[in-house]
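Trainee: These protein sequences, in sequence, are chains A and B.
According to the working numbering, the first sequence holds residues 1 to 424 in order.
According to the working numbering, the second sequence holds residues 1 to 424 in order.
Mixed in with the good hints, there may be bad ones.
Which copy? The list can't say, so a pair holds if one copy fits it or any two copies do.
Below, computed lysine-lysine pairings styled on DSBU-like, alpha-carbon distance capped at 35 Å [unchecked claim]: (1) Lys65 <-> Lys223; (2) Lys123 <-> Lys223; (3) Lys123 <-> Lys65; (4) Lys65 <-> Lys187.
If you're looking for bench data, these hints aren't it; they were derived computationally from the structure.
Being a predicted model, the structure only gives us computed values, none of them experimental.
2 protein chains.
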Amino acid sequence: MTSRRVMGRAAALALAACRPFDQAQAGAGSPSALAAPLHAQLDAQYDQVIADLVRITETPAPPFKEAARAALFAQMLRDAGITDVTLDAEGNVLGLGPGREEGPVFVVSAHLDTVFPEGTPIKVTREGERLMAPGIGDDSLGLASLLVWARLLEANAITTRQPLLFVGTVGEEGAGDLRGVRYLFTKGAYAGRIGAFLSVDNADAGRIVNAGVGSRRYRLAFKGPGGHSYGAFGIVNPMGAMAEAVRGIHAIAVPTAPRTTYAATVVAGGTSVNAIPDLVTLDVDMRSGDPAALGQLEAAVLAAADAGVAAENAARSTVAGAITVEPQLIGDRPAGMTPGEHSLVTTALRASQAAGFAARLDQSSTDANIPMSLGVPALTIGTGAGGGRTHSLDEYLETGRQRFLAGLSVGLAIILDHTDAAPR
Amino acid sequence: MTSRRVMGRAAALALAACRPFDQAQAGAGSPSALAAPLHAQLDAQYDQVIADLVRITETPAPPFKEAARAALFAQMLRDAGITDVTLDAEGNVLGLGPGREEGPVFVVSAHLDTVFPEGTPIKVTREGERLMAPGIGDDSLGLASLLVWARLLEANAITTRQPLLFVGTVGEEGAGDLRGVRYLFTKGAYAGRIGAFLSVDNADAGRIVNAGVGSRRYRLAFKGPGGHSYGAFGIVNPMGAMAEAVRGIHAIAVPTAPRTTYAATVVAGGTSVNAIPDLVTLDVDMRSGDPAALGQLEAAVLAAADAGVAAENAARSTVAGAITVEPQLIGDRPAGMTPGEHSLVTTALRASQAAGFAARLDQSSTDANIPMSLGVPALTIGTGAGGGRTHSLDEYLETGRQRFLAGLSVGLAIILDHTDAAPR
Numbered sequence: 001m002t003s004r005r006v007m008g009r010a011a012a013l014a015l016a017a018c019r020p021f022d023q024a025q026a027g028a029g030s031p032s033a034l035a036a037p038l039h040a041q042l043d044a045q046y047d048q049v050i051a052d053l054v055r056i057t058e059t060p061a062p063p064f065k066e067a068a069r070a071a072l073f074a075q076m077l078r079d080a081g082i083t084d085v086t087l088d089a090e091g092n093v094l095g096l097g098p099g100r101e102e103g104p105v106f107v108v109s110a111h112l113d114t115v116f117p118e119g120t121p122i123k124v125t126r127e128g129e130r131l132m133a134p135g136i137g138d139d140s141l142g143l144a145s146l147l148v149w150a151r152l153l154e155a156n157a158i159t160t161r162q163p164l165l166f167v168g169t170v171g172e173e174g175a176g177d178l179r180g181v182r183y184l185f186t187k188g189a190y191a192g193r194i195g196a197f198l199s200v201d202n203a204d205a206g207r208i209v210n211a212g213v214g215s216r217r218y219r220l221a222f223k224g225p226g227g228h229s230y231g232a233f234g235i236v237n238p239m240g241a242m243a244e245a246v247r248g249i250h251a252i253a254v255p256t257a258p259r260t261t262y263a264a265t266v267v268a269g270g271t272s273v274n275a276i277p278d279l280v281t282l283d284v285d286m287r288s289g290d291p292a293a294l295g296q297l298e299a300a301v302l303a304a305a306d307a308g309v310a311a312e313n314a315a316r317s318t319v320a321g322a323i324t325v326e327p328q329l330i331g332d333r334p335a336g337m338t339p340g341e342h343s344l345v346t347t348a349l350r351a352s353q354a355a356g357f358a359a360r361l362d363q364s365s366t367d368a369n370i371p372m373s374l375g376v377p378a379l380t381i382g383t384g385a386g387g388g389r390t391h392s393l394d395e396y397l398e399t400g401r402q403r404f405l406a407g408l409s410v411g412l413a414i415i416l417d418h419t420d421a422a423p424r
Numbered sequence: 001m002t003s004r005r006v007m008g009r010a011a012a013l014a015l016a017a018c019r020p021f022d023q024a025q026a027g028a029g030s031p032s033a034l035a036a037p038l039h040a041q042l043d044a045q046y047d048q049v050i051a052d053l054v055r056i057t058e059t060p061a062p063p064f065k066e067a068a069r070a071a072l073f074a075q076m077l078r079d080a081g082i083t084d085v086t087l088d089a090e091g092n093v094l095g096l097g098p099g100r101e102e103g104p105v106f107v108v109s110a111h112l113d114t115v116f117p118e119g120t121p122i123k124v125t126r127e128g129e130r131l132m133a134p135g136i137g138d139d140s141l142g143l144a145s146l147l148v149w150a151r152l153l154e155a156n157a158i159t160t161r162q163p164l165l166f167v168g169t170v171g172e173e174g175a176g177d178l179r180g181v182r183y184l185f186t187k188g189a190y191a192g193r194i195g196a197f198l199s200v201d202n203a204d205a206g207r208i209v210n211a212g213v214g215s216r217r218y219r220l221a222f223k224g225p226g227g228h229s230y231g232a233f234g235i236v237n238p239m240g241a242m243a244e245a246v247r248g249i250h251a252i253a254v255p256t257a258p259r260t261t262y263a264a265t266v267v268a269g270g271t272s273v274n275a276i277p278d279l280v281t282l283d284v285d286m287r288s289g290d291p292a293a294l295g296q297l298e299a300a301v302l303a304a305a306d307a308g309v310a311a312e313n314a315a316r317s318t319v320a321g322a323i324t325v326e327p328q329l330i331g332d333r334p335a336g337m338t339p340g341e342h343s344l345v346t347t348a349l350r351a352s353q354a355a356g357f358a359a360r361l362d363q364s365s366t367d368a369n370i371p372m373s374l375g376v377p378a379l380t381i382g383t384g385a386g387g388g389r390t391h392s393l394d395e396y397l398e399t400g401r402q403r404f405l406a407g408l409s410v411g412l413a414i415i416l417d418h419t420d421a422a423p424r
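Chain A on its own, in the form it takes in the complex (with noise of 0.2 Å):
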């Protein structure tokens, strides 16, 4: 559909649809976090969205090849109506929608890849009211429901004050390392101008994050000169030092409030079973809300590190060479967090619990975490009605009308709220 087809009843209805959404649920029909008028129009975006869900979701996005669906999703958000549609350097999508007011722009943003390796069969499935298809809960329902409050707010003729910019950012999942907001951030067009950050990533209207998990990842390599098992016997050997690792890792003691945590979670060395192994490397994941927490945790971490090498070479004959470690950061994200009081989740926590959602605040690691470190106002919400099996071949998403008509309601009355969106 185009927006051009309710384009004359856009005045009538732009006030209406500007209503507070506390009211909302005075409407007819199921709770929502719209006025009636502009849910009543929500609803009968339900086929379209459904189809934009699959078309996105059967258009591969593995990590760091995301371009076939970027090009979908640009072309997708210039038939939504909006006309300013470019691509960054990064490969993220930008489109871009003027304000009443000059100045710092206000991004809504969803990611384009998944989790998926190139070559994954990907066809969504039906049963009943769950359509399955691995990522179509993460993130492809973040970018259908970016298209669909676009083509309300143009069917509507709305105006935000702040300039609303559209993103389908590459680089979320895993060793993608938020590679795409970042660029977006700190060297894409927008660094330095955007004013607030709006993530839609999860199948739960109810959750709120506000926190971002910050993430240090390492691969520590351990080195040593390497020989024959029988001939070479009593020479310092890497697992050594790996296992004496572990070990010093898995004694270092975390806060829990917040959250921190540590794991040792890819291990891989050696090449016959009669050889003393040259490199065995280790992959530990550390993770808190708490920046310095963090921070105490990697030099903790590493600190193991340093120990098990000293130990395995004060073991072990060092006369073929000494075992060495070298750290590499392969994963950086930082911790931040938007406060509670910030409007930006008041009005996220108020549109969620008029839609009828269990509202809650919670803390994740997404594309949030880099506006939050940088003090940028930051939220991810989820605009679903619920899913699960994220990140498997099994991922599904419910999509009985009524609830998930209310989980898309959510982020749209954020926008409206936060834009003091009015007609044109």
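Let chain A serve as the given structure and place chain B on it in line with the hints.
Mentor: Chain B in isolation, oriented as in the chain A frame:
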């Protein structure tokens, strides 16, 4: 060349050929373990041996894929005058020469397989007196040695007291785990009918291996529930059990005589930096010339694995499941020894010395481990005059004529002596 060509001279040469090797140096030219007339025939075979070496080496024989080289070697044995050549069910090549008496056979063996995986480019190159190619010494040289000895025995119409069985074995290297020789001694047509065993398997004719180092190799699979590195923090991690196991293994005290060794050699586990793994595997190599010491070491390693599991289950939560370990035996080479006073050993030492080598006893892990462990007299000897970089792509073999032929003379002298060789 065919054996027929020199057949006419056979009667005259045969007596000289069978003279004891310790009088051999009296002949013209460089030291040899053979009487001068037979050494002169060996010398005449030099170019053929080099040609055989190149042909065998350039016929790939990756682990578990020795069929092409086996077919070639079978044909070459037939060309050498052995009429009864067969392949057994395991893939070994067997070439039988009848003895003057019925009874146990004397096996002279080399192995067909290399350590190099399928697809490894193998082309023999020359640099002065060195021939270079992966596997050229280990064990193309052994196979080529068997061929020239067979040709000379046939050419001189020499009969042996025992039936003489030339064997090309499969699976000597690494994961092959001696499968060829194991089949020969325990399941094949000659099981229970082998009186002595001579393995030809290194490029140093001064090295007489009369002690078989036994090995036991395990893959220890540490399993646990796995989970999200952040969400599931606090649950048991198989990394912890593996690390404690390595630590326990590295603390095991072993005897120095006979040399007894262990090594944690290959480790693998985990799929993503943000997931606690559900599986970590650790390969452990254990070796000793003493079966009792090897058994004690094995028990200590398995106990260390169990202790690692217990420590991890005690240290973290098992609410999602506990850590277990499944030890899988992936290598089993029995230890054994042929006493230094056995005639096979003293004969080998004298032959090596007669050829001008610094003859010495050594221990290793070779095809001879199996007969040694069964109480069958067995040796592994070298036939070359040096080489190096075995098991690497840079492997080379010294082929300077006089020393190379001296090296080749040793094994034939042992055969002649051990079988009471006589003219037909």
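Trainee: Indicate, hint by hint, whether the structure satisfies it.
Mentor: Checked hints:
Taking CA atoms no more than 35 Å apart as the test, Lys65 paired with Lys223 passes in both settings, with 32 Å inside one copy and 33 Å between copies. In this assembly of identical chains, Lys123 and Lys223 lie within 35 Å of each other by CA distance solely across copies; the values are 32 Å between and 44 Å within a copy. In the homo-oligomer, the alpha carbons of Lys123 and Lys65 lie at most 35 Å apart inside one protomer (18 Å), although the nearest pairing across protomers, at 41 Å, exceeds that limit. In this assembly of identical chains, the alpha carbons of Lys65 and Lys187 lie at most 35 Å apart only when taken from the same copy (20 Å versus 55 Å across copies).
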